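Peer 1: Residues per chain, in single letters:
Number of protein chains: 2
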Amino acid sequence: MNYKESHTLILNNIARFIDLTELEKQKYLSLLTEIEVKKKTFLMQAGDITKYEYFITKGCLKVYTLDEDGAPHISMFAVEDYWAGDMASFMTKEPTRYFIQATEDSELLGISRANYELIFQEIPKFERFYRMLYQRSLVSYIRRSNYGISLTAEERYIAFKKKYPKIVNRITQKDLAGYIGITPEFMSKIISKVNRM
Amino acid sequence: MNYKESHTLILNNIARFIDLTELEKQKYLSLLTEIEVKKKTFLMQAGDITKYEYFITKGCLKVYTLDEDGAPHISMFAVEDYWAGDMASFMTKEPTRYFIQATEDSELLGISRANYELIFQEIPKFERFYRMLYQRSLVSYIRRSNYGISLTAEERYIAFKKKYPKIVNRITQKDLAGYIGITPEFMSKIISKVNRM
DNA sequence: TAAAAGTCTTAAACTAGTTCATTTTTTTTC
DNA sequence: GAAAAAAAATGAACTAGTTTAAGACTTTTA
Chain A
33 MNYKESHTLI LNNIARFIDL TELEKQKYLS LLTEIEVKKK TFLMQAGDIT
83 KYEYFITKGC LKVYTLDEDG APHISMFAVE DYWAGDMASF MTKEPTRYFI
133 QATEDSELLG ISRANYELIF QEIPKFERFY RMLYQRSLVS YIRRSNYGIS
183 LTAEERYIAF KKKYPKIVNR ITQKDLAGYI GITPEFMSKI ISKVNRM
Chain B
33 MNYKESHTLI LNNIARFIDL TELEKQKYLS LLTEIEVKKK TFLMQAGDIT
83 KYEYFITKGC LKVYTLDEDG APHISMFAVE DYWAGDMASF MTKEPTRYFI
133 QATEDSELLG ISRANYELIF QEIPKFERFY RMLYQRSLVS YIRRSNYGIS
183 LTAEERYIAF KKKYPKIVNR ITQKDLAGYI GITPEFMSKI ISKVNRM
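The listed protein sequences correspond, in order, to chains A and B.
Here the first sequence stands for residues 33 to 229, where the numbers follow the working numbering.
Here the second sequence stands for residues 33 to 229, where the numbers follow the working numbering.
Derived by calculation from the structure, the hints in this document are not laboratory data.
Treat the numbers as computed from the prediction; the structure is a model and nothing was measured.
Hints are not guaranteed to be accurate.
A pair counts as met if it fits within one copy or between any two copies, since identical chains are not told apart.
Pairs of lysine-lysine residues, derived as DSS-like cross-links and limited to a Cα-Cα distance of at most 30 Å, are as follows [unchecked claim]:
(1) K83 / K36
(2) K195 / K125
(3) K198 / K71
(4) K193 / K125
(5) K36 / K221
(6) K125 / K194
(7) K57 / K70
(8) K198 / K59
(9) K198 / K125
(10) K225 / K157
(11) K157 / K57
Between the sequences and the hints, there should be enough to build the whole structure, so can you do that?
Peer 2: Listed below in C-alpha cells is the structure:
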C-alpha cells in the first residue's frame, strides 16, 4: 500500500524491530494523532499532564527544564525520526517538569496514553518494539549520564558535533550551551577555540 | 511452592510487572546461573565480551569505566534487588568498556545471552517485563543525565544521600567521589561541610 | 600482631567555567 | 527595509573544583 510521507517514516522506524502486517499497520496508524507546531510554540509546558508521546516527522524541537534560577537545561533536540515526550509524566500522570518547544515549524504524530495501552492489547508485538526501543535508548542515556561528570565542556561539544553533525547547524549556540551545560559566553569561547584548531 | 531466598527475591522483582504461573517460574529459574564473587574480585573487565546480565541477590558491586588518565568513573553501585551488566556489550557482542568489581562478598543470578533470547520465545510475557523494566530505568537515567551538568557536586552528593541512604554507608568516600564525579579530596571537603550544616 | 597498603584530612597554588558589562552581528517583526 | 529584539563575541573579575603534597587514621595481609 501507499502511505503518506509521515506514515512511511514512522512505519520504517517501527520496522527496525518488528514486522507488521498491512492490517496491523493500518490499525496502528489509526491510533495516531497528527499534530503541527509552529516555530517558538510549545508542545508541552512544566505543570502540564502529559497526554501524548510524540514521533517527529518534520522540524526540530528542544526538550528542557528550568532550574531554580530560571536557567534552561536542554535534555535533547528532537528532529525527524526521533521519539520525544516526558515518559515519567506520561506513565504516572503527574505534572511534567519539562518544556518542549519547536525551534522550527514542525509536524508530529502523537500517541495518547489510552491508545498506548490499547496497542499492547491489540498488537502484542509492540511490547517487543518498545522493549527494544527502550533498550537502545537506555544504552545511550547510560553513556550520556557519565558525560557531564567525566568530560570537560570542550570534549562534550566535540562529542556532540561528531554524533549529531546535522543538528549542530540547525540550533542556536545559546541552545547548544543549554544542552552542553555551560553559559552561552563560555560556549562562544569554546567554539571559536575549536574552530581555530 | 517454596523457593530459596535468592529465587524469591528475583521472582518478586519480576512480579512487580508480570504474573507468572508455577511452571513459568520454574522454567525461568532453570535458565539462570548462580554466581559468587568475593570482595575485590571482578565480574567483568574492560575488553571482555559480556556473557551475562546480572541480578544481585546479596552484596554490593561497583560498575565503572576508566578514563584516559586512568581515573575511575563509577556509573552505579549495585546492591540486592538490582540489575547490572553492560547492556551495550551484551546486545552487540562488542567488548565492554566497563569494570564490575565486588566491594563486598556478593551473590548474583546471571542470565546468558542465549537464554535471554530464549526466554522471549518460551515466555513472551517477558517482553512486557523488560519493556517496563527498561521504561523505568530510562526515566531515572534521563533524569540523571542532567545531574552532572545542572547540579553542583555538593547538590549531587545531597541528592545521592537522599535517594540511596542505605548505600552511602556501604561504600568508601573515594568510590562515592568516583560516582559524583569529583576528586576524593573535594569529596572529603564537601562531606565535612555538609555534616557541619 | 606488626607491617604494609589503602583511605581520609587539610592546605596552598592552580584551572575550567561563571558572572557581569559592553559592543557587534544576525534575525525577527511590522 | 527600518526598527526592535535576540544572539554572538570579547574581556575582566570571580568561584567551584583540581592538583600536589604531607601527615593521621583504618583496614588488610602475612
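Peer 1: Does the structure break any of the earlier hints, and which numbers would those be?
Peer 2: Per hint list: 5, 8 and 10 violated.
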